[in-house]
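Chains as they are written, first to last, in numbering that gives the first Met the number 0: chain A, 0 to 432; chain B, 0 to 175.
One should not assume that every hint holds.
In silico DMTMM-like links for lysine to aspartate or glutamate, alpha-carbon gap of 25 angstroms or less [stated by the list, open to error]:
(1) A/K417 / B/D159
(2) A/K198 / A/E240
(3) A/K316 / B/D76
(4) A/K394 / A/E175
(5) A/K394 / B/D74
(6) A/K394 / B/E83
(7) A/K394 / B/D76
(8) A/K394 / B/D86
To give a feel for the contact side, a few chain A residues facing chain B, derived at Cβ under 8 angstroms [claimed, not checked]:
(9) G95
(10) E97
(11) F218
(12) G246
(13) G266
(14) H271
(15) E292
(16) T305
(17) G310
(18) P312
(19) V349
(20) Q376
(21) S397
(22) E423
Calculated from the structure, these hints are not laboratory results. Glycine residues also receive a C-beta, built at the ideal position from the N, C-alpha and C atoms.
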Amino acid sequence: MLHHKTFLFLLFAFLHTTVNAELTIRITQGVGKQTPIAVVPFGMSQNLRNAPINIAEIVTNDLMRSGRFAATPTENMLQKPTTGAEVDFDDWSILGVEAVVVGKITKIKNNSYNIQFQLFDIYKGVQLVGYRMPANKRTLRRSAHRIADMIYKELTGIRGVFDTKVAYVKSSVLDESRNYALIISDSDGENEQVILESKDPIMSPTWTPDSRQLAYVSFEGKASSIFMQNLRTGNRRKISELPGINGSPAFSPDGRKLVLTLGGADGNLDIHILDIASRKLKRMTYNRAIDTEATWSPDGKEIYFTSDRGGSPQIYKMAIHEDKAQRVTYEGNYNARPRLSPDGKKLALVHLYRGDYRIAIYDLNEKNLLILSSGAQDESPSFAPNSDTLIYATKIRSNGVLETVTADGLVRQRMAAKSGDIREPVWSPFLKL
Amino acid sequence: MKRFKWLLTGSLIFFMTGCTLYGYPPTSSGGSSSMSEASDIDSSTYGVGMDSDASMDAMADDSLSQELDTIIYFDFDRSELRLEYDDLITAHAARMNTNTLLTVRLEGHADERGSREYNIGLGERRAQTVRRMLLLNGVSPAQITTVSYGEERPFAYGSDEESYQQNRRVEINTVN
Numbered sequence: 000m001l002h003h004k005t006f007l008f009l010l011f012a013f014l015h016t017t018v019n020a021e022l023t024i025r026i027t028q029g030v031g032k033q034t035p036i037a038v039v040p041f042g043m044s045q046n047l048r049n050a051p052i053n054i055a056e057i058v059t060n061d062l063m064r065s066g067r068f069a070a071t072p073t074e075n076m077l078q079k080p081t082t083g084a085e086v087d088f089d090d091w092s093i094l095g096v097e098a099v100v101v102g103k104i105t106k107i108k109n110n111s112y113n114i115q116f117q118l119f120d121i122y123k124g125v126q127l128v129g130y131r132m133p134a135n136k137r138t139l140r141r142s143a144h145r146i147a148d149m150i151y152k153e154l155t156g157i158r159g160v161f162d163t164k165v166a167y168v169k170s171s172v173l174d175e176s177r178n179y180a181l182i183i184s185d186s187d188g189e190n191e192q193v194i195l196e197s198k199d200p201i202m203s204p205t206w207t208p209d210s211r212q213l214a215y216v217s218f219e220g221k222a223s224s225i226f227m228q229n230l231r232t233g234n235r236r237k238i239s240e241l242p243g244i245n246g247s248p249a250f251s252p253d254g255r256k257l258v259l260t261l262g263g264a265d266g267n268l269d270i271h272i273l274d275i276a277s278r279k280l281k282r283m284t285y286n287r288a289i290d291t292e293a294t295w296s297p298d299g300k301e302i303y304f305t306s307d308r309g310g311s312p313q314i315y316k317m318a319i320h321e322d323k324a325q326r327v328t329y330e331g332n333y334n335a336r337p338r339l340s341p342d343g344k345k346l347a348l349v350h351l352y353r354g355d356y357r358i359a360i361y362d363l364n365e366k367n368l369l370i371l372s373s374g375a376q377d378e379s380p381s382f383a384p385n386s387d388t389l390i391y392a393t394k395i396r397s398n399g400v401l402e403t404v405t406a407d408g409l410v411r412q413r414m415a416a417k418s419g420d421i422r423e424p425v426w427s428p429f430l431k432l
Numbered sequence: 000m001k002r003f004k005w006l007l008t009g010s011l012i013f014f015m016t017g018c019t020l021y022g023y024p025p026t027s028s029g030g031s032s033s034m035s036e037a038s039d040i041d042s043s044t045y046g047v048g049m050d051s052d053a054s055m056d057a058m059a060d061d062s063l064s065q066e067l068d069t070i071i072y073f074d075f076d077r078s079e080l081r082l083e084y085d086d087l088i089t090a091h092a093a094r095m096n097t098n099t100l101l102t103v104r105l106e107g108h109a110d111e112r113g114s115r116e117y118n119i120g121l122g123e124r125r126a127q128t129v130r131r132m133l134l135l136n137g138v139s140p141a142q143i144t145t146v147s148y149g150e151e152r153p154f155a156y157g158s159d160e161e162s163y164q165q166n167r168r169v170e171i172n173t174v175n
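All chains should be built: construct the whole structure from the sequences, respecting the hints.
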C-alpha cells in the first residue's frame, strides 16, 4: 500500500520524465519528499523568565517554508527534551519522526546569551550536529536562522538560505498620493527596514557582493539616476546621472564594476560597464535596439542581457572583452530579464507563454526551458545564493506579491501578505557573519 | 513642405483666434493626467494661472496650451505615431516655434506587461518618436527633454485592455 505522498511523488516523477522530450515543460506545484522533523521548544536557563524569542518556532517555520520538511506540532510531542541526554529515541520513532532538534537558551548576563542546539537522527540514534553560539538581543533572530541553515545543510546537503535578506520595492497610496519605498527584510519577510522613501518611482535594486550596499534607480529630480547606498549608515551617493536614461544596474562578482543601461539624449538604450573607482565607462552595445537588463556570469567574464535587436526581446550574452553578442534564447517571442544562478548552471528569465508572462529557467547545459510559475504578470526573478530557490514578483487580483519557487519547480510558496504593491525582489548574497 | 506651411499658418490663426476668448475659465484640457495624478509635482506648471493681471504675451501662451491635448497614445509594443496625431504634433510644434523660450518634457510610458527595464526602453522610444516629430517641425532640441517612466507611473491600475491602452502614452508637460 503506497503512502499517498510517495504516490504523488512517483506520479509527478513519471509525468516529468514522459514530457522531457519536449523543449518546454510546464510545471504545476508538486510535492517532493518531506522529511518528518520535530523541533522541540528550546529550554531556558533558570534566570530567564520569558524566552527572548521563540527559536524553535523560527526554525520550524524556516524548515516548513522550504517545502522539504514536515514539522511535528508541539502538542503531538510525547516528550520535550532540551538536551541530547534527555532524548528518548523510541518516543520519536513511534511518531514516525526522522530527525529531532533540541536546544536551550542560557542568559549569561544582561543582553548576553548562549544558544545551544543538537540535531539527532532518530533511526540511527546518533547526533548529527551540535553547536553553541553567543548572541545578544539584536542577533537572536539571526542566530535562529543560522541554526535552521545548519539543520537544512545537514539533512538535505544543500546550503540553507534562511540567514539571508531580501530587498524589494513597495508602492502604496497615502492620503491620495503615491509613495515608493525600498525595503529590506529577512528571508522570511520579518524585520522590514525602510531604506529609502520617495514620491518618485524606485526601481531595480541590486546588492553589492559583500551585501553591505544596494544600488538602485531613482526618479527623484524628474529623471532616472543610479544611487549606491550603504545599508548600515544610510549614506548614499549618485553613481550615474548621465543625460537620458540611467537604469538596470548590476555589480560584477568582485564588486568593482557596475553594468548599467544608458539612453543618452537620443534615447537609444545600450549596455555600458562602469569602473566604480575610476568612474571610467566602457560601452558594450552599439545598435539601435533596446539593450538592457544586463547581469554578470558568476566568473565575471560575460554579461547576459535583454535585446530586441532580432525584433522582439530575447536574451543575449557577450564576453566582457569582446564586442560580439550571441543569442541565447530561441524559444518563444519574448524572453527577458536574465539572471544567472550563482553556480552558473541556470538562467532565470521572464518568458511569454501563451499570453502570460511567466518565470522560466533555461538550463545552460541541457539547453531547455522549464516554466516555474503560473501567473499572468510574473517578473523579476532572483536566485537565492544557494542556486536552489528563486524569488519573484507576481500579481494576485492586481496587487503585487512575492513568491518563491525551487529551481526544479517542485515547491512554490507565496510570501506572507504585506500591505502595498510589492515588486522587484532581489535576494541577498550569503551574509557575512 | 508647402502643405506644412499652410497647416502651420492655419493652426496659428486658429489658435490666435482662441486667444481672444480670454475671459473664458481655463478648460482642463482633455486627458491632462498631470493634473489628476496627485503625485506629479509638476502639475502646477501645466496651464493653470489665468491671472487677469498677466500680460497679453503670457495669456497667448497659456490659452494656446489649454487648447491642446497633451497625451498621445500608442499601440501595443509599438512606438510609431498614429496618423490621427499629426495635427496635434503640428499644433504643439507651432506653439513652441512661436515662443522659443517654451520647453517641454516628454514623458514616455508603457503598459505593465513584460519586464520593467525593457518597458523603460519602450517608454523612451515613444517619447523619442514624439521628440523627433517636433524636431522635424522645426522645434529646437534645446526646448525638449525626455524621460521614460516605463510601467512605473501608470494612469490606470487595472490589468485589462482599456487600462493598458491608457498607459501606453507620451505626456507633453510644459516645463516653464
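Hint check results:
Restraint check for A/K417 and B/D159: satisfied, since their Cα atoms lie roughly 24 angstroms apart, inside the 25 angstroms limit. With a CA separation close to 19 angstroms, the supplied pair A/K198 and A/E240 stays within the 25 angstroms bound. Taken as a hint, the A/K316 and B/D76 pair is honoured in the structure, with Cα atoms around 23 angstroms apart against an allowance of 25 angstroms. Note on A/K394 and A/E175: the hinted pairing holds, with a Cα-Cα distance of about 22 angstroms set against a maximum of 25 angstroms.
At roughly 24 angstroms between alpha-carbon atoms, A/K394 and B/D74 fall within 25 angstroms of each other, so this suggested pair holds. Between A/K394 and B/E83 the CA atoms are separated by roughly 34 angstroms; this puts the pair beyond 25 angstroms, and the hint is violated. At most 25 angstroms may separate the alpha-carbon atoms for a hinted pair to count; A/K394 and B/D76 meet this at roughly 21 angstroms. The straight-line distance between the Cα atoms of A/K394 and B/D86 is roughly 39 angstroms, outside the 25 angstroms bound, and the hint therefore fails.
Hint status for A/G95: violated, given a least beta-carbon distance of 45 angstroms to chain B, over 8 angstroms. For A/E97, the interface hint is violated, the least distance from its beta-carbon to any beta-carbon of chain B being 42 angstroms, above 8 angstroms. Satisfaction of the interface hint for A/F218 is found here, the shortest Cβ-Cβ separation to chain B being roughly 7 angstroms, below the 8 angstroms cut-off. Nearest Cβ of chain B to the Cβ of A/G246: about 5 angstroms, under the 8 angstroms cut. The hint holds.
Taking 8 angstroms as the C-beta contact cut-off toward chain B, the hint placing A/G266 at the interface holds, the least distance being around 4 angstroms. Nearest Cβ of chain B to the Cβ of A/H271: about 14 angstroms, over the 8 angstroms cut. The hint is violated. Because the closest C-beta pair between A/E292 and chain B is about 5 angstroms apart, less than 8 angstroms, the hint holds. Because the smallest distance between the Cβ of A/T305 and any Cβ of chain B comes to about 6 angstroms, under 8 angstroms, the interface hint for this residue holds.
A distance limit of 8 angstroms between C-beta atoms decides the matter here; for A/G310 the minimum to chain B is near 10 angstroms, and the interface restraint is violated. A distance limit of 8 angstroms between C-beta atoms decides the matter here; for A/P312 the minimum to chain B is near 6 angstroms, and the interface restraint holds. Interface hint status for A/V349: upheld, as the beta-carbon distance to the closest one in chain B is roughly 5 angstroms, under 8 angstroms. A least Cβ separation of about 6 angstroms between A/Q376 and chain B falls short of the 8 angstroms threshold, and the interface hint therefore holds.
Using the Cβ-Cβ criterion of 8 angstroms, the hint placing A/S397 at the interface with chain B is satisfied: the shortest such distance is roughly 5 angstroms. For A/E423, the suggested interface contact is upheld, since its CB lies about 7 angstroms from the closest CB of chain B, less than 8 angstroms.
Consistency note: the structure conflicts with the earlier hints numbered 6, 8, 9, 10, 14 and 17.
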